[in-house]
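Given chain G's structure and the hints, the job is docking chain C onto it.
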Amino acid sequence: MAQSLIETAWTGENVSIAQIERELARLRTESSEEGAQPNLRTSVMTHIAWVPPEWEGAAEETLFGMAERHPSRTLLLVPRPDEEDGLDAQVSIRCFPVGDRAICGEVIDLTLRGNRATAPGSIVLPLLISDLPVFCRWRGRPEWESPEFGQLMGIVDRLIVDSTEWVDLPGAYLRLAELFPKVVVSDIAWERTERWRSLLASLWPGIGEVHTIRVHGTPAQAYLLAGWLRSRLGHDIGLELDERARLEGIDLDGEPAPFPPGDPPNASDVLSAQLDRFTRDKIYEDAVRATS
Amino acid sequence: MTTTEAPNPLLEGLTLRRRPDPCLLVIFGASGDLTSKKLMPALYSLALRRLLPEKFGIVGAARSEESDDDFRERMKQAVQEHARDPFKDEVWQELAAGMRYVTLDFADDKAEDALAETLTELDNERGTMGNRVYYFAVPPSAIGTLVDEIAERRSSEGWVRLVIEKPFGHDLQSARELNAKLQQSFAENEVYRIDHYLGKETVQNMLALRFANGIFEPIWNRQFIDHVQITVAESIGIEGRAGYYEQAGAIRDIFQNHLLQLVAITAMEPPIDFTADSVRNEKLKVLKSMHTPGPKHVVRGQYGPGFVEGVEVRGYREEEGVAPGSMTETFVAAKLFVDNWRWADTPFYVRMGKRLARRETTIAIQFKRAPHPPFEDASAEELRPNTLLIHVQPNEGVSLAIGAKVPGQGMTIRTVHMDFLYGGTFREGLPEAYERLILDAMLGDATLFTRSDEIEEQWALVDAIVSFWQRDRISFPNYPAGTWGPSASDELIHRDGREWRSH
Chain G
1 MAQSLIETAW TGENVSIAQI ERELARLRTE SSEEGAQPNL RTSVMTHIAW VPPEWEGAAE
61 ETLFGMAERH PSRTLLLVPR PDEEDGLDAQ VSIRCFPVGD RAICGEVIDL TLRGNRATAP
121 GSIVLPLLIS DLPVFCRWRG RPEWESPEFG QLMGIVDRLI VDSTEWVDLP GAYLRLAELF
181 PKVVVSDIAW ERTERWRSLL ASLWPGIGEV HTIRVHGTPA QAYLLAGWLR SRLGHDIGLE
241 LDERARLEGI DLDGEPAPFP PGDPPNASDV LSAQLDRFTR DKIYEDAVRA TS
Chain C
1 MTTTEAPNPL LEGLTLRRRP DPCLLVIFGA SGDLTSKKLM PALYSLALRR LLPEKFGIVG
61 AARSEESDDD FRERMKQAVQ EHARDPFKDE VWQELAAGMR YVTLDFADDK AEDALAETLT
121 ELDNERGTMG NRVYYFAVPP SAIGTLVDEI AERRSSEGWV RLVIEKPFGH DLQSARELNA
181 KLQQSFAENE VYRIDHYLGK ETVQNMLALR FANGIFEPIW NRQFIDHVQI TVAESIGIEG
241 RAGYYEQAGA IRDIFQNHLL QLVAITAMEP PIDFTADSVR NEKLKVLKSM HTPGPKHVVR
301 GQYGPGFVEG VEVRGYREEE GVAPGSMTET FVAAKLFVDN WRWADTPFYV RMGKRLARRE
361 TTIAIQFKRA PHPPFEDASA EELRPNTLLI HVQPNEGVSL AIGAKVPGQG MTIRTVHMDF
421 LYGGTFREGL PEAYERLILD AMLGDATLFT RSDEIEEQWA LVDAIVSFWQ RDRISFPNYP
481 AGTWGPSASD ELIHRDGREW RSH
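So the sequences go chain by chain: G and C. The opening position of the first sequence corresponds to residue 1 in our numbering, with each subsequent residue numbered one higher. The opening position of the second sequence corresponds to residue 1 in our numbering, with each subsequent residue numbered one higher.
Next comes chain G alone, as it looks inside the complex:
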């Protein structure tokens, strides 16, 4: 499917929002071949990604294939506060053939230079698609008190983070928990534990007696799994961490748990699953609160 991508793009420096909207309209028209049926613009959401420069490559990789599964307007915000004031844009229409038509989504890469990086809310607001949910994927650990984070949290319906990208765990979870009443939060690290949680759930009732778990995985997954067991089982669970790049195993009171069936999902699949959810995940919130 991804090979069938047809992309038309426009790039501009020091642009205005009006210019971006004009170019989008032009690209939409141009993306249809003359004489052919017009392409369809289908959107299920506005998807904002806050991508500090060091995360740009990873963000592009994750977004690959996402437009097919969740046709939407994607706003990729790259802050460069140290550069001269200005807004640069690359606007593209990505179309995928479906029968004799093509379905098009929109990707707007915005580089927020200088002061613009501290006012993303005012840039994003006019570009949101009306009446559709707004999801924000925040790469790296948010600066909790920063104006840009505060502004975007006032706009979005759902914040998606990956706490695997954070270095100050489990302390950062306490700050994250403060957001729960204000915005729906989901965590890719949590999603990655799902097949393991299903497996651990299948060990009930024996697992109810467990007091220590040793997690061979990332710190985020270890804290979240321990928090989940504590909050669900209602008693303390000791945590030992054997740090690995991905979740490779769990020992329960010294005994290795069986390996869950199937392959672990890739980054796009995990983000895709998050984009399908719209409500608060109380189990996750309880797990986060019980991480420390």
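Among the clues, some could well be false.
Unchecked claim - Facing chain G, from chain C, some residues (calculated, C-beta under 8 Å):
hint, residue
1, N8
2, L11
3, E12
4, G158
As the list claims (entries may be wrong) - Keeping only pairs whose Cα atoms sit at most 20 Å apart, straight-line, the calculated SDA-like set for lysine to any residue is:
hint, chain 1, residue 1, chain 2, residue 2
5, C, K181, C, R210
6, C, K55, G, L203
7, C, K55, G, W204
8, C, K88, G, P264
9, C, K55, G, T29
10, C, K166, C, E246
11, C, K55, G, K282
12, G, K282, C, L11
13, C, K296, C, I493
14, C, K405, G, S198
15, G, K282, C, T120
16, C, K405, G, A25
17, C, K55, C, T120
18, C, K88, G, N266
19, C, K55, G, R195
20, C, K88, G, P260
Simulated from the structure, these hints should not be mistaken for lab results. Owing to the predicted nature of the structure, the values given are computational and were not obtained by experimental measurement. We put the beta carbon where it would ideally sit given N, CA and C, even for glycine.
For chain C alone, coordinates are given in the frame of chain G:
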């Protein structure tokens, strides 16, 4: 101390996929096309997505002699050829490990014993606990004997579910007899009469469209809808199934089941919930309120030679196995009425057939015209009425035809389509109908299956139509292959000042 009785607190919040109890699936008619083209590919797709029970086995049963290994090999080829997913050997090996084949003459007690022995062995080997799904991919005449044998050997352990393929009887009398036979030994909630159209995502989407959106339901009635058109068109012929089709014809092959189910889903009242009985109660009310169309309101046809997609094809009577003077209809069009408060005087025009201009199943809801267009340049005739089109297949989706101003001077109005294409919004591949239905049967969810009383209402309508036909003589063939049916079909709708949707 935790006890086994306490609910599992770890399950809360997990998005566990629906996974059925351990069970064995027995397919009667395992040598047939349905098994290789639909059932086995569907089972493979379910296995790939880990939706089958962890403890599971398949037993193929048919008259032809075949070893377990040959059966596995034949099914492997079928999956490689017909499955919607790429072939993964590890998935296949896991599935094939629980597959057996039993040669079975349906009336032979000894063979039935051999089947029972195989099932017991597999139960022990696979841990399937006596749970059985019996899939009857066999003609109705073979079902009675098999049902008796299954009932006789039914163990007190585990559950039993019978999945019955169409045709379910050939008239009201035979359907009643078959229902009575099933009900002698099995409860209604153990019988799953399959109509694969109900397993299609787009048919289920009709329910979502109607009952999950506030904007449609208030206008979904005689006050705003002029009429409904349902088309179930195939471009293929009978594909070597003359033996079946000569007996069935279009009225039993499509009208009695798929078509009437589409009418029922389009016309039904909102169910109080999405449980099997709530949905089926509402569909039944529609079927009960449909009055028998008179002879003038039903048109039948049979295709002669013609061209389909540029290829010359022979007429029905020239098909292999078809009698040269066959009077079997390959096309039916009808004007139906649902006599209730919502639909009184709103016609449902339906047409279905083989060797039509193209393959298409659509439900078109045509709304009443705008009462008075205030535009000089657009006469009332140019302004086409709004139509909501549900594309069941192919290009699954929904379109709404609306009038829009053509850019430029003046006020020229043109009809444009607002489209929702399944493939465009949800890029996940649509599951095959049989995947959903097999899984539902294993899970014991009968919502998308037809209940005995629905089947009987459907046959009552068909019997009434067929009885008219026995009194008149029609000249066949009466439409060339590759067209939209006989001219009488156009006359049927033109008489009311309407026309079939253009394509």
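Here is how each hint holds up against the structure:
1. N8: 4 Å, holds
2. L11: 5 Å, holds
3. E12: Since chain G brings a Cβ to about 6 Å from E12 of chain C, closer than 8 Å, the hint holds.
4. G158: 21 Å, violated
5. C:K181 / C:R210: 37 Å, violated
6. C:K55 / G:L203: Answer holds: K55 of chain C to L203 of chain G is near 17 Å, not above 20 Å.
7. C:K55 / G:W204: 19 Å, holds
8. C:K88 / G:P264: At roughly 17 Å apart (the allowed maximum being 20 Å), P264 of chain G and K88 of chain C satisfy the hint.
9. C:K55 / G:T29: Violated - the C-alpha atoms of T29 of chain G and K55 of chain C are around 54 Å apart, more than 20 Å.
10. C:K166 / C:E246: Status holds; Cα separation ~15 Å.
11. C:K55 / G:K282: 32 Å, violated
12. G:K282 / C:L11: 13 Å, holds
13. C:K296 / C:I493: 11 Å, holds
14. C:K405 / G:S198: 55 Å, violated
15. G:K282 / C:T120: Not satisfied, since the Cα-Cα distance of roughly 45 Å exceeds 20 Å.
16. C:K405 / G:A25: Holds, because 18 Å separates the two Cα atoms, which is no more than 20 Å.
17. C:K55 / C:T120: Status holds; Cα separation ~14 Å.
18. C:K88 / G:N266: Holds, at about 18 Å.
19. C:K55 / G:R195: Judged against 20 Å, a Cα distance of about 19 Å means the pair holds.
20. C:K88 / G:P260: 19 Å, holds
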